[in-house]
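Construct the complete structure from the given sequences, taking the supplied hints into account.
Given next are the chains, with one letter for each unit.
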Amino acid sequence: MMINLIDPLKIAYNSILSNKLRSLLTTLGVIIGVAAVITLVSMGEGAKSYILGQIGSWGLGANSLAIHPGKEEVALPELTLTYGDNEALRQKVGNLQYLMPEFVGRGRLVYGHREYQPAYTLAVSADYPFAYKQQAVVGRFFSRAEEEGRRHVVVIGRTVVDKLFGAYSPVGEKIKINGVGFTIIGILEEKGTLLFYNMDDIVLIPTTLAEQVLGVTKIWEIFLTVENEKDVPQAIIDIKKTLIARHRKEDFHIHTQQGLIDIINNILNALTAIVSAIAAISLLVGGIGIMNIMLVAVTERTREIGIRKAIGAKNRDIFLQFVFESILITMTGALFGIMIGTLAAWGIMYFLKMSAAIAWGAAYLACFVALLVGLFFGVYPAMRAARLDPVEALRFEV
Amino acid sequence: MKDNVVVRITEVKRFYQMGMVAVHALGGINLKVEKSEFVSIMGPSGCGKSTLMHIIGCLDRPTSGHVHLDEVDIDKLDDNELAAIRNKKVGFVFQTFNLLPKLKAIENVELPLIYAGVGLPARRKKATELLEIVGLKDRMYHRPSELSGGQSQRVAVARALANNPSIILADEPTGNLDSKSGEEIIRLFQELNSRGITLIIVTHDQEIANHGKRIIRLKDGLVVADDRVTARSR
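Protein sequences appear in the order of chains H and S. Our numbering applies: residue 1 is where the first sequence begins, and numbers increase by one. Our numbering applies: residue 1001 is where the second sequence begins, and numbers increase by one.
If you're looking for bench data, these hints aren't it; they were derived computationally from the structure. From a predicted model like this one, the values you see are computed outputs, not experimental measurements. Some hints here could point you the wrong way.
Unchecked claim - Reference listing, derived: stretches of chain S covered by chain H, where coverage requires no fewer than 3 residues with Cβ under 8 Å from a Cβ of chain H: (1) 1056 to 1062; (2) 1076 to 1083; (3) 1087 to 1094; (4) 1112 to 1118.
As the list claims (entries may be wrong) - If we take Cβ atoms under 10 Å as the criterion, some of the chain S residues that face chain H in the derived model are: (5) 1051; (6) 1098; (7) 1163.
Unchecked claim - Pair by pair, the computed Cβ-Cβ distance ranges are: (8) S:1204 / H:339: 51 to 61 Å; (9) H:397 / S:1116: 21 to 31 Å; (10) S:1035 / H:24: 50 to 60 Å; (11) S:1035 / H:5: 33 to 43 Å; (12) S:1017 / H:383: 19 to 29 Å; (13) H:397 / S:1011: 26 to 36 Å; (14) H:22 / S:1148: 27 to 37 Å; (15) H:389 / S:1046: 18 to 28 Å; (16) S:1017 / H:397: 17 to 27 Å; (17) S:1204 / H:397: 16 to 26 Å; (18) S:1073 / H:339: 53 to 63 Å; (19) S:1023 / H:339: 49 to 59 Å; (20) S:1010 / H:389: 20 to 30 Å.
C-beta: ideal position from N, C-alpha, C; glycine also.
Listed below in structure tokens is the structure:
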């Protein structure tokens, strides 16, 4: 015989509706728990896509590589890479797209009686605008010919413009960097902050002037891109072969951007999981609240149970009625929680000027967990109800 | 003819353990009720009327002795089978009506049909017919709180009839009603009885008992009298 589930479900549904306020209060713990988990996971997903998007907008795609000095990543490595290495790579790396060595120094800027020291004074190649996807929006960037010709031209970021010139356009003006005369030929597109660094507080000069102006002969980083993501493994082989031949040892290491993206993903996933697990504890607390209320409901409705048994309800019918009630309460709570959590995530992320991703996976999981909570905490009260002696239940006075 | 016996009670005893003392609610009852009888059970309070009623109605089991309902031996059935017997063969009517307050009249009547596995259209139809029989066609969608005592009891009677039971058991069915409503319920019972439905009612009101065909008197858990109601006393 097929067990009829529709009727006990309807009975449970009607019983919940007939006590709306209490049902809502009962399920509040589940609503809050699910909403918290959904909010946090949605925000985590949103933050992840925001950060990955930022990395992408900085030109750090999957077809890019970075060569750093030192055998492994340390805070202050001994610099081993030279301009000669850079030029060798230009010859040897297959399907090379952009090659961007970066010399890092300190620059003191003087314009008239004003002085300013930006956060970053870098000597870079003419590939900079393409490799890092940051064009000059006013004026222009320097060309490869100007770079090789050691022309004293400089491109500056918006923050530097604001500090030295205010509203006045500085293109064509002459400034001194560490006492050397330069002509400003362009202003960089604004980038804002990337991972809390102000990327607009920047001054860029040609690589060929690094030693003369910044007193730096070793390269901080060589950033390069190849035509296609598929070319990355061959590029790594070419780089290693070329540099080891020149240095006679492997005193450098290579970052692929996929590696960086993986690390960021892992960190954010772990954070989201930990915070969500804490939030999930309120689901447990909510479940205990539901069990408490269900036990009260069984006592309150002893007479109803007696009546139902007198007219032919089997123990199983009573059991299903109460279990379904508990599951319906938690599932409804989960649905409300998902809605509230998603709205909250959207609200918060809108305020933070990021976009929240809808955490479908977490939503399905929340429904499933709510089902389990309802089942787990509903079974004991339902068993108590099912086992009531009909004669005693009928005599029961509230 | 054995076929006509609806209830057969043989040497039924029922004890309750109250702490250290065993209370004898029923001390060895023998009773036979045939089809289409209208039996009143009378006796002072505490004489075991309700216990006997619960045992006949399969809500309770005897401590010893045998109960046959429609020649089925109740002792041999498990809880689920007893529930099925209560559902299909027995209709209860209680002193306090025992309707579910949150359900409409028609939904209360449908309840036994739900537990019998009858689908919605069929049970709606059946419940409507039954409410018509008890004269409450215009009150079908009212809740118990919107019905008078007499009306509530008629809903309860309709509910008791839902699965065409072999027997209707009524425990003080007029106890909570004014005399006019009580009279109406008894007349309804007489009408049902005249259609061949077997009835057992528990009452302490001689007037009510006289409307039946047979009066059984209990005292201290034993049958002390079992009389036909004569035309004169009716």
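Hint check:
no.: 1; hint: 1056 to 1062; verdict: holds (count 3)
no.: 2; hint: 1076 to 1083; verdict: holds (count 3)
no.: 3; hint: 1087 to 1094; verdict: holds (count 4)
no.: 4; hint: 1112 to 1118; verdict: holds (count 5)
no.: 5; hint: 1051; verdict: holds (9 Å)
no.: 6; hint: 1098; verdict: holds (5 Å)
no.: 7; hint: 1163; verdict: holds (8 Å)
no.: 8; hint: S:1204 / H:339: 51 to 61 Å; verdict: holds (59 Å)
no.: 9; hint: H:397 / S:1116: 21 to 31 Å; verdict: holds (29 Å)
no.: 10; hint: S:1035 / H:24: 50 to 60 Å; verdict: holds (53 Å)
no.: 11; hint: S:1035 / H:5: 33 to 43 Å; verdict: holds (37 Å)
no.: 12; hint: S:1017 / H:383: 19 to 29 Å; verdict: holds (24 Å)
no.: 13; hint: H:397 / S:1011: 26 to 36 Å; verdict: holds (33 Å)
no.: 14; hint: H:22 / S:1148: 27 to 37 Å; verdict: holds (30 Å)
no.: 15; hint: H:389 / S:1046: 18 to 28 Å; verdict: holds (20 Å)
no.: 16; hint: S:1017 / H:397: 17 to 27 Å; verdict: holds (22 Å)
no.: 17; hint: S:1204 / H:397: 16 to 26 Å; verdict: holds (21 Å)
no.: 18; hint: S:1073 / H:339: 53 to 63 Å; verdict: holds (57 Å)
no.: 19; hint: S:1023 / H:339: 49 to 59 Å; verdict: holds (58 Å)
no.: 20; hint: S:1010 / H:389: 20 to 30 Å; verdict: holds (24 Å)
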